[in-house]
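Listed here are the chains, written in short residue letters.
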Amino acid sequence: MKIDLHVHTKKTKSGDAITRNVDAEKFHETLTSTDVKIVAITNHNDFDLNQYKEFSEKVEDEVQIWPGIELDVNDNEQRGHLIVIVSPTKSEEFGKIVSEIVADTTPDTFLISIEDVITGFDSLNPVYITHYQQKKPDLSDESIQKIFDNTQIKNRVLKEVTNAISAGIYISHGHRSIYGSDLQNWDDYEQNAEQLPELRLPVESFEQFCLLLEKDESTINTILNEKTTETISIKPFEDDTVLQFTFYNDINIFFGSKGTGKTKILEAIAKHYADNGIEANVFESSSEILEETYDLKGNDFVINLNEHGIGYCTNEIEDLKNSREKDVTKLSSYRDHYSIKLTNKKAQKIKIKDFTPLNTQSNERNFSSSDRVLTKITDFIDFVTEDDFFKELVAPKTYDNFLEILAIVSKEIYTKKHDYFFDSKVDNLFNNLIETIKNEIAKKTNSPPKPTSTGFQEYALNRISIERATKIIHENIISKIKIIPETVGDLGRKGILVCDTDVVIQDGTVIEGDYKSVSGVNKTPQKEFSRSILNILDNILTDRLFEEIANLNSIEYIEEIKTIHELLLIKKCFKIDRNNYKPSNGESTMLLLHNELNQEKDIYILDEPEKSLGNDYISDVIVPMIKDKARVGKKIFISTHDANIAVRTLPYNSIFRKHDINDYSTFVGNPFSNKLININDENDSIDWKLTSMKTLEGGEEAFGERGKIYGNT
Amino acid sequence: MGKEVKYMEIHKAEIVTRVDDKFLVLNLDEDSLEISLTADDPKKVKSVFNELVKYLKNGPFNFEFQDEGNDLYVHISKEYITQLNQELTSVYDELKHYNLLNEEE
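Chains as they are written, first to last, in our numbering: chain A, -5 to 707; chain B, -3 to 101.
Please keep in mind that the hints were generated in silico from the structure rather than gathered at the bench.
Please note that the accuracy of each hint is not assured.
Under the rule of at most 20 Å between Cα atoms (straight-line distance), these lysine to any residue pairs were calculated in the SDA-like manner [claimed, not checked]:
| id | chain 1 | residue 1 | chain 2 | residue 2 |
| --- | --- | --- | --- | --- |
| 1 | B | 50 | A | 609 |
| 2 | A | 345 | B | 75 |
| 3 | A | 605 | A | 286 |
Kindly generate the complete structure, drawing on both the sequences and the hints.
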C-alpha cells in the first residue's frame, strides 16, 4: 500500500505544466494501475470541490482521496510552499475556507503568511507538509518552527523532501519527513508511483493516519490486531523457563547480543509447530549446507533406470553367470547303432523308432507369447470395465461395442493359446514316445538305439540364449543417461548456478576419478564386468565362450553385481554455463536463503539469514521477499544481528533479548510504537529505535538510509 | 514394406576318406566343414556347429547328401544330415524370432 500526499490534478498557475490536467476517467484508470491507495489532491493555491467530489465518486472505495492544497507562503521575505491536507469528512468546510482565503486573487498572485494559514486551517486538524531543503521552493527552519509554535497539532507537521533516501536521512536526524510525486505529467504517474513511500500498516482513514503520526498506541494496536496472532508458550532453555509470546502472521524479529538464546528460541518455536503437525524447521546456511542440500556427494541419489529407458537385466545377468555348455551327440552313437543290424522282426516293424523327433520350440514359444498377449488384453478389459471415468468419456453404445470387440479378440487369443499349448504337449508326448520305444527296443534286442538328434539344436539354442542375454546386457551398459540439471539459483552477472547430476554406466572405459559408485560396488569389478561382457559377446560362436564366462565369474565381488544398477557411477557438481563452479560462502547463503523463501510454507524460521551476505543483497532481494511473505499472512521468525532485516522489514513484532549482569530479559514491541516492553514488567520499557541502533550491525546506517524501506535504491 | 523372404539354400554334403579315416564334409559356399565319422571329437563338432550358426545368421540352408551305397558311413551320414537339416531349420527360426540374423548388406 503506497501513499502519495502531493498530487496535482490541474494546471492552476501559469507556470504549471498542462499535463497536470486530468479527467476523472484517466485519474481513476491511472491510480488503479498502481499500488497507491491514498492520494492527497494538492493543487497550487486552489481547491476545486467539484472536481474533488467527482474524482472521489469515481474511485469509490478503491483509493482514499484526501482534500488538500499547496499554498504559496511568504515568511520573512522568503517564499516557500506549504501543503495543507484535511480529512475527507471536512472537504466542504475546507472548500469554503480556501475560497475565503483565496478571495479574488489568482493562483499566480496568491500569497499567504504562516499565521494566516494556521488561523484559517488549524481548526480542521490538518496535516501540514512543508517543502524542505532541496525541495524547492522551501521554507526555512525558522518558518517551520513558526508553524510548530502556532499549530495545536504539532505531531502533524511533516517536511517534504525530494526522494526516499533524503527522507531516510532526515528521519534519522529526528525530522519527520515524507515525499510525494509532485506530479508533472499524468502519463508518467504509473512509472513514478513505484518509488512512492509504502505504508507498512494498512491505514484506513485520514484520522487513523494522523493517530499513527502521533504514535497513538491504541491505534497502532488496533491496526496490528487486525493481523492474525497466535500466543504460544515455549521452553527454549535447559531450565524450566517458560516464555510466552504472541506472534503475528507477519514478521517477528528476534534481536539482541550474541549468546542471549535467540537460536534456542527459534528451535523451540520450530519444535512447537512441528509437534503440532505444521512444517517448520530452522533455516541456517553455509557452503557445506548447500553441498548437503544438493547432495553433492550423491549419497542419497536414487534412480529408476526404467524411467531412462534402461533395463536392470536381473535375469539376463543371472542366466549368463549360470550358463553351461551343452554337449553334442557323439558320432560313435551313430556308429554303434548302425553297426548292429536289427534282426528282431517285430522290432523292424515298429516304424516309429525311426521317426525324427519334432521341434517343440516353436509351439512352446507361441504358447508363451500368446499367454503374455492375453494377460495384457485381460488387464486392459479390467481397466475398461473398472474405470468409471473411462465410461464417462465414451458414449454408452461405443462403450458396449468396444467391450464386445475386446471380448471377441480375447476369445480368439484364448483359443490360439490353447491350441499352442496342446500342440506343444503333443510334440513332447510324441518325442517321448519315440525315445521310449527306441530305448525299449534297444533293451529287448541288445542293439544301441539310434540317436534322435545331432545335438546341434540344443547346442545352438544354448549359444543363442547366451547371445541374447549378453546383447541385452551390453545394450543397456552402453545406454546413456542424460545429465539431470537442477537449477540452484541466480548468481546475477555470473549466471545461473545449476547442480548437474551426471550418471553413467561403467562400460569399461570410464576412468575419471571423480565418478563415484552409486551402489557401493567397487569401481574395479564394475569395469571388469563390462569388459568381460564385451569379451563374451565377441566369443559367442567361438571355442573360448565358456572360458570368458568363467572369467566373468572369477571377477572379485562378482556376486555383488546383480543388475545394471550396480554399474552406475555418479558425479554431481555445480556449474555455470556448463563450467564447473564452486560457490563462495556468501553465494551459498544467498542461494539457500532465496530457495528457502521460494518454498511455499506457512512458517519460515530463519536464523541469522544475513550471514555472509552483502547489504545490497539483503536490502534489495531478501527484505522484499520477506515483506512479500508477510503481506500474504505467512509467519516469519527471524533471529538477526542485521539492521537491514530488523529495521527495514518494519516488523509487526520485535523481540529483544537482553543479558545483563543479573539475568536474561525479554522485551517485545514494534517500530510503530517505537517501544519495547519487558514481558515480565510492563513498566520497564525501552526505545525501539535506540535499542535497534545500538544493538544491530549497521543500525545507524539502516536508519540513515531508511529510504530503502520504500524500495527505492 | 515387409522383410524379404529368404529362400532355403541347399548345400552339398559328402563323405571324404583320408587313409583310414572318413569325414562327413559339409560344403558351404567357399568353406567346407568336416566332421569325423570314425572318431569322436566333440570339440571339433562344436566348432563346426559354431560355424553352422554363423552361416545360419545369413539365411536358412540345408544339406543334401549325395553319396549312394549301403556302406555303414553312408547310413550314418544320411541319418546325421536328415537330423541336422531339421535342427538347422529350427535354429534358423529361433535366430529369426530373436532378431539375431545378420542385417542385409
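So, going through the hints one by one against the coordinates:
1. B:50 / A:609: 75 Å, violated
2. A:345 / B:75: Between residue 345 of chain A and residue 75 of chain B the Cα gap is close to 15 Å, so the pair holds against 20 Å.
3. A:605 / A:286: 18 Å, holds
Comparing the model with each numbered hint stated earlier shows that hint 1 is the single one that does not hold.
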